[in-house]
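A.B. asks: One letter stands for each residue in the lines below.
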Amino acid sequence: KNQVEQSPQSLIILEGKNCTLQCNYTVSPFSNLRWYKQDTGRGPVSLTIMTFSENTKSNGRYTATLDADTKQSSLHITASQLSDSASYICVVTPNSGNTPLVFGKGTRLSVIA
Amino acid sequence: DAGVIQSPRHEVTEMGQEVTLRCKPISGHNSLFWYRQTMMRGLELLIYFNNNVPIDDSGMPEDRFSAKMPNASFSTLKIQPSEPRDSAVYFCASSLDGPLDTQYFGPGTRLTVL
Numbered sequence: 001k002n003q004v005e006q007s008p009q010s011l012i013i014l015e016g017k018n019c020t021l022q023c024n025y026t027v028s029p030f031s032n033l034r035w036y037k038q039d040t041g042r043g044p045v046s047l048t049i050m051t052f053s054e055n056t057k058s059n060g061r062y063t064a065t066l067d068a069d070t071k072q073s074s075l076h077i078t079a080s081q082l083s084d085s086a087s088y089i090c091v092v093t094p095n096s097g098n099t100p101l102v103f104g105k106g107t108r109l110s111v112i113a
Numbered sequence: 001d002a003g004v005i006q007s008p009r010h011e012v013t014e015m016g017q018e019v020t021l022r023c024k025p026i027s028g029h030n031s032l033f034w035y036r037q038t039m040m041r042g043l044e045l046l047i048y049f050n051n052n053v054p055i056d057d058s059g060m061p062e063d064r065f066s067a068k069m070p071n072a073s074f075s076t077l078k079i080q081p082s083e084p085r086d087s088a089v090y091f092c093a094s095s096l097d098g099p100l101d102t103q104y105f106g107p108g109t110r111l112t113v114l
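Protein sequence lines correspond, in order, to chains A and B. Using the numbering used here, the first residue of the first sequence is number 1, and each one after it goes up by one. Using the numbering used here, the first residue of the second sequence is number 1, and each one after it goes up by one.
It is possible that part of the hints are untrue.
What the hints assert, rightly or not - If you want a taste of the chain B side facing chain A, the calculated C-beta under 7 Å gives, among others:
hint, residue
1, G42
2, L43
3, L45
4, D56
5, F91
6, P99
7, L100
8, T102
9, F105
10, G106
11, P107
12, G108
To be verified - Quick look at which bits of chain A chain B covers, simulated, 3 or more residues with Cβ under 8 Å:
hint, stretch
13, 47-61
14, 102-111
To be clear, the hints were calculated from the coordinates, so they are not data collected in a lab. From the three backbone atoms N, C-alpha and C, an ideal C-beta is built for every residue, glycine too.
Produce the complete structure using the sequences and hints provided.
C.D. replies: Have a look at this one:
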């Protein structure tokens, strides 16, 4: 069964610190893996997208990595800001026709001053 | 570009009532997706359309749920009759062409069924 597991479930860090969020998946084969940021009360917004052949992708202070051998991805946030407080959702697209996307349940990040 | 537009933003109704959620996708996008999000289950895909045709509705929980896309600029998700367990945030998203393209989400409709 295609699954995406994210850890930790929630995380609290001080402003200015770095953090890393984890995503483990069982989807195989897959077309791409995305990280979304979801602010409270809003819809998810795409941060990064990686195909199975890529192992890193950056978007400003966000850097996503992918290890297709171990089926793991991580999202690293550098020099966190209060505005980084949000849920971060890992999404894997199976490489099999119309099979829908597989979503993780997200990590809730709180950045405090 | 106004992005994906959803209405209403909040809906409170009583059990047994009919609920209709509305979505206007981004102009030029060929694919539209309906999602449900709860704390327990996260985001779940309910149904998606490509060129106004339903492609995958395997996520629709039961016959009480139905979705239509009469044209490229409008879709509805209807729940009849509604039940308290339907309480969730319902998101609509659109993409240029299919689930492999980046999806742009609307602000969601928060549904509360009493």
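A.B. asks: If a hint holds in the structure, say so; if it doesn't, say that too.
C.D. replies: Taking the hints in turn, this is what the structure says about them:
1. G42: Holds - the Cβ of G42(B) comes within 7 Å of chain A, reaching about 4 Å at its closest.
2. L43: holds (4 Å)
3. L45: holds (5 Å)
4. D56: Check passed: Cβ of D56(B) comes within 5 Å of chain A, closer than 7 Å.
5. F91: holds (5 Å)
6. P99: holds (6 Å)
7. L100: holds (6 Å)
8. T102: holds (5 Å)
9. F105: Status holds, d = 3 Å.
10. G106: Hint on G106(B): holds, closest Cβ of chain A at ~5 Å, below 7 Å.
11. P107: holds (6 Å)
12. G108: Nearest chain A Cβ about 6 Å off; hint holds.
13. 47-61: violated (count 1)
14. 102-111: holds (count 4)
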